[in-house]
Every structure is written in C-alpha cells, then in structure tokens.
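S.K.: The lines below spell out each chain.
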Amino acid sequence: MVQPQSKTENSHYVLEAKNLEIYYGSFKAVTDVHMNVERNKITAIIGPSGCGKSTLLRAFNRMNELVSDSSIRGEILFQGQDLYASNVDPVVVRHRIGMVFQKPNPFPKSIYENIAWGARIHGYKGKMDELVEYSLRQAALWDEVKDKLNQSGLALSGGQQQRLCIARALAVQPEVILMDEPASALDPIATLKIEELMQELKKNYTIVIVTHNMQQAARASDYTAMMMLSKDGERSGTVIEFDETKHIFTNPKDKRTEDYVTGRFG
Amino acid sequence: MSELNNTQPPQMEFSDDLRRRNLSGRIWMVVFRLSTVVGIIALVTLLLNIINQSAGYVHYEAKVDPDTLRVDGIPLEEQSKEQLMSVLQNNLSSGAYNKLDRDKPFAERDRGEVYDLVFDRVVKYKVEETWLLWDSLTHSREIKASVPTEQSGTELKFVVWANWDFLRRQQSSDPVLAGVRTAILGSLWTISITILAAFPLGVMAAIYLEEYAADNWINRIIRTNINNLAGVPSIIYGILGLAIFVRVLEPFTSGTLFGITDPTTANGRTIMSAGLTLALLVLPLIIINSQEAIRAVPGSLRNASYGIGATKWQTVWSHVLPNAMPGILTGTILAVSRAIGETAPLVVIGASTVIFFDPENPFSKFTTLPIQIYQWTSRPQDEFRFLAAAAIIVLLAILLTLNATAIFLRNRFSRRY
Ligand SMILES: Nc1ncnc2c1ncn2[C@@H]1O[C@H](COP(=O)(O)OP(=O)(O)O)[C@@H](O)[C@H]1O
Ligand SMILES: [Mg+2]
Chain A
0 MVQPQSKTEN SHYVLEAKNL EIYYGSFKAV TDVHMNVERN KITAIIGPSG
50 CGKSTLLRAF NRMNELVSDS SIRGEILFQG QDLYASNVDP VVVRHRIGMV
100 FQKPNPFPKS IYENIAWGAR IHGYKGKMDE LVEYSLRQAA LWDEVKDKLN
150 QSGLALSGGQ QQRLCIARAL AVQPEVILMD EPASALDPIA TLKIEELMQE
200 LKKNYTIVIV THNMQQAARA SDYTAMMMLS KDGERSGTVI EFDETKHIFT
250 NPKDKRTEDY VTGRFG
Chain B
0 MSELNNTQPP QMEFSDDLRR RNLSGRIWMV VFRLSTVVGI IALVTLLLNI
50 INQSAGYVHY EAKVDPDTLR VDGIPLEEQS KEQLMSVLQN NLSSGAYNKL
100 DRDKPFAERD RGEVYDLVFD RVVKYKVEET WLLWDSLTHS REIKASVPTE
150 QSGTELKFVV WANWDFLRRQ QSSDPVLAGV RTAILGSLWT ISITILAAFP
200 LGVMAAIYLE EYAADNWINR IIRTNINNLA GVPSIIYGIL GLAIFVRVLE
250 PFTSGTLFGI TDPTTANGRT IMSAGLTLAL LVLPLIIINS QEAIRAVPGS
300 LRNASYGIGA TKWQTVWSHV LPNAMPGILT GTILAVSRAI GETAPLVVIG
350 ASTVIFFDPE NPFSKFTTLP IQIYQWTSRP QDEFRFLAAA AIIVLLAILL
400 TLNATAIFLR NRFSRRY
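Chains as they are written, first to last, in numbering that gives the first Met the number 0: chain A, 0 to 265; chain B, 0 to 416.
Looking at chain A on its own, in the form it has when it is part of the complex:
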C-alpha cells in the first residue's frame, strides 16, 4: 500500500473505480460506477441531491465503513492497488487520502493543536512549529491567524474554519484530498477563496470535490463526473457521464447531463 506497484507505476491515475457498488444494508445507494481520478487534477462530482455523491466520495477513503452496515462491491484502486484488500488498514488509507467535510469541523482545540494533533498521531518527527506554519500557509490562512495560534479554532469565521480544516488535512501529507461540498456553508467571497486555494493545491495534490454548484464545477475542475439516479427504479445513483469538464459543460453526450448543467432538469 505504501509504494505504488511496479505494474502501475506509469499509470497516471491515482484512483480508479471499477464496477463499483455501494450498499447501506441491503439498499444499493450507488451502482455501476466507473471513473478515474488523474494525478494533480481536480475532479468534480456533480448531480442532484441524494444521488450518492457523498457516498461515492466517502468510499474513496473508506470513511464509508464507519457507517455500520455499509459495504461495497467492485473495486477501487489507489495507485494501482486495491484499496479494500484485506491487508490494507483503513487508517493508512485515510492518512494518504484526506477529507474535508461539508460543514467546517475544526477540533474544539487551539488553531495550533488543530494542525499539530494529526501530525503527532502519525508520529511526525520534524519541527512542529514549522509544520504548522507551512500547513497554514498552504491553506492561505497563515497571515490571518499567525498572531492567535493559541485561540480556539472555533472562534474563526466559517470560511477560515474550512481553510483550517484543509490545513489540518494537509498537515499529515496526504496525496489525495476529498472535499464534500466544502463551500456550501460559506458566503461567495469565502467560496472564491476556497476555489483559488484548490488551484494552488492541485500542483501538489490530487483533489476530488463534490459540489452542487454548476459554476463552481465549470470554473474550478478539470474533470467532471455527472451522477444521477439510475433508471432501473432501484433508486441507486450512478455516474452517467464522466469526461473533461469542458466537454461535460459544452458538449455533453447524455441528454440528462445537458438538461442538468443547463438548469433544465426536472
């Protein structure tokens, strides 16, 4: 799990979902998903509410299995290796593939501790002060908080809290960052900041973002996966179209995608 296997060393896909099905108990929430996530790109997942975007995203770092009763079928490869193989520890998966949630959720600790805690539990050996500063700078938050590192993370504004959560995720040196509607609770200016930040981050990280904001997907992402409930009446979501973002928005192959991105859905 730690190093990419030789057979896929030249594969530029970081994550590959193959014939993926995700269940909550006997309810199949996501079905028949095929998609690839390319390194140092931003991949957006769009689609109407309840079609399984969050479910799919959480499957990419095994957060899903924290929900009792959930299970998957099919395959997710991370750098060519099966993410769900029995010898893979989900703790390692979540270390390498970090997550930022819809609602900012800093720890009820100081700003400094918010960053340092994750590094510490993974046995970080370097200088903690430097790591904290570096992570906060990467998240474009350093200048705003450098004088109040000992204040509570909860005392920040919503947008700052979300960037703190991004910094927290960065501090453990992941390769992929999954973001579940990271800006949906934020005002337009804070949203724009997060989008700018994503453009910075994709130089070093691979980003998968769920968003219900069409403009955001069109503006910020390189690839887009369009999800929708599959027609077979099972109420399972699936990726109906996956392509470069510009194709999805200008020249979609699927009629439903076209309706959705042009706002004519439903």
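Worth flagging that the hints you see were computed from the coordinates, not collected in a lab.
Mixed in with the good hints, there may be bad ones.
Covered stretches of chain B (chain A as the covering partner; in silico rule of three or more C-beta atoms under 8 angstroms from a C-beta of chain A) [claimed, not checked]:
| # | segment |
| --- | --- |
| 1 | 298-311 |
| 2 | 375-386 |
No farther apart than 27 angstroms at their CA atoms in a straight line, the calculated lysine-lysine pairs in the DSS-like style are these [claimed, not checked]:
| # | chain 1 | residue 1 | chain 2 | residue 2 |
| --- | --- | --- | --- | --- |
| 3 | B | K98 | B | K125 |
| 4 | B | K80 | B | K103 |
| 5 | A | K245 | A | K40 |
| 6 | A | K124 | B | K311 |
| 7 | B | K143 | B | K156 |
| 8 | A | K145 | A | K201 |
| 9 | B | K311 | A | K102 |
| 10 | A | K108 | B | K311 |
| 11 | A | K102 | A | K40 |
The following label-pair restraints were derived from C-beta to C-beta distances [what the hints assert, rightly or not]:
| # | chain 1 | residue 1 | chain 2 | residue 2 | range |
| --- | --- | --- | --- | --- | --- |
| 12 | A | S183 | B | D16 | 41 to 49 angstroms |
| 13 | A | M127 | B | L333 | 39 to 47 angstroms |
| 14 | B | W27 | A | S183 | 38 to 46 angstroms |
We put the beta carbon where it would ideally sit given N, CA and C, even for glycine.
Chain A is already provided as a structure; the job is to place chain B with the ligands on it using the hints.
M.R.: Relative to the frame of chain A, chain B with the ligands by itself:
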C-alpha cells in the same frame, strides 16, 4: 404543475377562533405554574420542618449541681487544671478515672479538656425539656419563665444542634454528647470506595458499548437491561451485596487477605462491602449517563478525527472522551449523590447502628449518615429527633457540596474552548 390543474381546490374556509386558542394557552400556563408552586411548597415545607427541629431552647438539669463541686469555695470555671483533676478523682470511681488516664494521660490534657471532662463525666447535664425553633422564637418569655434558672444546676440554653461539637463528636447514647463524626467518616469512606470502583468501570463500559460493541441483538439486550438495572429497587442491591461481598468475598472484604485480623470485622460487614454494594447500585446510572454523554459528541468531530487517519482509540481518547467528560462527571456525581443517601442496602449488608470508634481503613465496621439519621429518628426522645434534623442538615450540606463540585468541574472542562 399539470397535476394541480386537474384537481378541484378544497374549500378555503377557516374559523380562526383566536380568543379560544389564546384562552386555552393561558389555562395551560396556569396549570404549569401551579405544578411548579406545589413542588416549591413541598420543598420549602421540608426545609422549614428540618430547620424548625435543628435549633431551639433546651432546659438542662445537672445530675450533680456544679455549685457543690467548689474546691475551697472556688467555682468550677475558675479552678486550675489540678483542682479540676481532683474533682474528677473525688467523683469518679478509681477504675473510671484510671481508664481516662489510660485513654490519654492527664499530663497531656490541657485545662480545657479536663474542664470538659468534669462536665461530661461528673456534672452530666441531662436534657429535661426541649422546644422547637419556632416556639423558642415566639414564646421565649414563657419558656424562660417556666424554667427555674436561678436554681443552681438548672440551665436554659439556646442550642443550635448542628454545631461544631456535633460534627466533631462521635456517637453517644447521651444526646448532649452525641455527634456525627463517625457517621460522616463512614459515609466519606464508603463513597470513596464507591467512586473508585464505579467510575472507571462505568466509563469504560460506556465507551465499549458506544464505540466498540457491534449493533447486534446481544448488545441490544445488554443495553436494554442496563437501563432496567437502573430501576431496580436499592434493597435488591443490598441482598446482592450481602450474598457476594459479605459472604462469598468475605476473605477480601473483611481484610483477612491483607493480614487484617480484627475479629469484629472478620464477618465482611465492612466499608469495603458497603462501598462495593453502592458501586453496583450506581454502576448502571453511571454507564447510562456516560453513554448519553458519549453519544452527544457530534459525529462531525469523530469524522474530523477519522478523516486524518486517526485510529478508533486515538479518536476516543483525544476527542470523544474530553468532549463527553463534563456530561460524564455530572452524571457520575448525580449518581453518587444518590448513593450517599442510600440506607436500605447498607442495612441489609449490616451497617452498624451503634459504633464508638472511627473507621480507620476500608475494612472497618462503619455507620453512615443516613443510617445514623434513621437510628436517631426511631428513638422516642425529642432531642434525638433534633439530632437527626441536624444530621440531615449535614447530609444536605455534603450533597450540595458534591453538586457544586459537579457544576465547577463541568464549567472547567467545557471552558477549554
Ligand atoms: N448513513 C447512511 N445510511 C443509510 N443510507 C444512507 C446513509 N447515507 C446516505 N444514505 C442514502 O444514500 C443515498 C445517497 O446519499 P448521499 O450519498 O448522501 O447523496 P448526495 O451526497 O448525493 O446528496 C440517499 O438515498 C441516502 O438516503
Ligand atoms: Mg452529500
């Protein structure tokens, strides 16, 4: 849209009888307020009743008139230590005098102690008549007129029963000398054992049930039954404690395992048995309260922790527990408050009602405040009921202190951001 066009709209008539709706709201408010008032009245009556019995005039008669104990015409108050010792010697049997000397040599006692001894052992004031606080305040003139205070050996004093001496003194069959020290120490020892046993066990069980146990039928049965256990009458726990701690675990609870061979406690009716029995009693409460506190920790916090690759243990230890701690502590202290007031299970496992020495270790015989109160209230003389009222005040003070501690701890823990 098209669907709506095809259906006939229903009649749109409303009779918003605003006056009636507001009226019924107001009536309910009055009912709610009345319920609160009933509760408050009950509480105030209880408190007033206790306070009424906790102080008042007392008419004492001396067994030996202090006036007759003058040495060379010097009254007791002005006598030296040596003179007081001679009074003791002259009025006690030599056996009793020597026993006092053996308990604590007279050379080591100061004059005040000897003076107290003269009154406790020779003068021996007896309570002749007592009055409640209310009567003492409203009829003080009549009371004073009725007691011939000019007579030497007769005294009328306004006594607050819950006084310093009362806290300091040990049990006695003489209400003038009786105190609650033994019972307070017994209660504190017992409750310490209870906390030491029940708190870690309860919190750990709650962590297991909430964070680790799978959601299968066995665990659901366990959870339900912990809730049921919390409602089991306390006397059942007494019977359980008698069977387990007093009988089966006797070598442990009597301390013989640890080389303590006091024949009076070798039957296992010790503080250890009592504390562990009360621990069983509060364990379900602590587990339930802790589970609730743990469940109240938001899922977003757990996700945050798991999302950066923390293990379950790291998540529980660094985030779940600290955030649940205020609730856990509050719940524990409330449970412990209940245990402090318990009488029945301790009677069953054999708390001593009469005991004249302080508990020294967990393997001592003991009595506790509620048992002392129970014992005093069952005496026929008025003055013992006053002592009981005083002991109730002491018990309430301990409970209030505990609850204040709970609030303090909760605020301290929640203030960390
Ligand atoms: N923890 C869960 N347990 C059971 N069903 C769930 C759970 N989370 C989501 N679902 C179901 O899975 C489907 C997809 O949900 P979700 O992934 O949250 O959709 P989206 O993020 O696209 O709005 C929905 O039908 C939802 O009810
Ligand atoms: Mg969602």
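S.K.: Hint by hint, note whether the structure agrees.
M.R.: Against the structure, the hints:
Closer than 8 angstroms: that is the beta-carbon criterion, and the segment 298-311 of chain B has 12 residues meeting it against chain A, so the requirement of 3 holds. Given as covered by chain A, the segment 375-386 of chain B fails the check, having 0 residues with a CB less than 8 angstroms from a CB of that chain where 3 are the minimum. For a cut-off of 27 angstroms, the pair hint linking K98/B to K125/B stands: about 23 angstroms separates their Cα positions. This hinted pair checks out: K80/B and K103/B have alpha carbons roughly 15 angstroms apart, not beyond 27 angstroms.
Using a Cα cut-off of 27 angstroms, the hinted pair K245/A and K40/A holds, with the two alpha carbons roughly 14 angstroms apart. Annotation: proposed proximity of K124/A to K311/B holds, straight-line Cα distance about 22 angstroms (limit 27 angstroms). At roughly 10 angstroms between alpha-carbon atoms, K143/B and K156/B fall within 27 angstroms of each other, so this suggested pair holds. In summary, the hint linking K145/A to K201/A is supported, as the alpha carbons are separated by about 24 angstroms, within the 27 angstroms threshold.
With a C-alpha separation of about 22 angstroms, the suggested pair K311/B and K102/A falls inside the 27 angstroms cut-off, and the hint holds. Only pairs whose Cα atoms come within 27 angstroms are accepted, and K108/A paired with K311/B is accepted, the gap being roughly 19 angstroms. Among the hinted pairs, K102/A with K40/A is consistent with the structure: their alpha-carbon atoms are about 24 angstroms apart, no more than 27 angstroms. Distance hint check: the CB atoms of S183/A and D16/B are about 44 angstroms apart, consistent with the given range 41 to 49 angstroms.
Between M127/A and L333/B the CB atoms are about 40 angstroms apart, so this pair conforms to the stated range of 39 to 47 angstroms. For the pair W27/B and S183/A, the supplied restraint of 38 to 46 angstroms holds, since their beta-carbon distance comes to about 41 angstroms.
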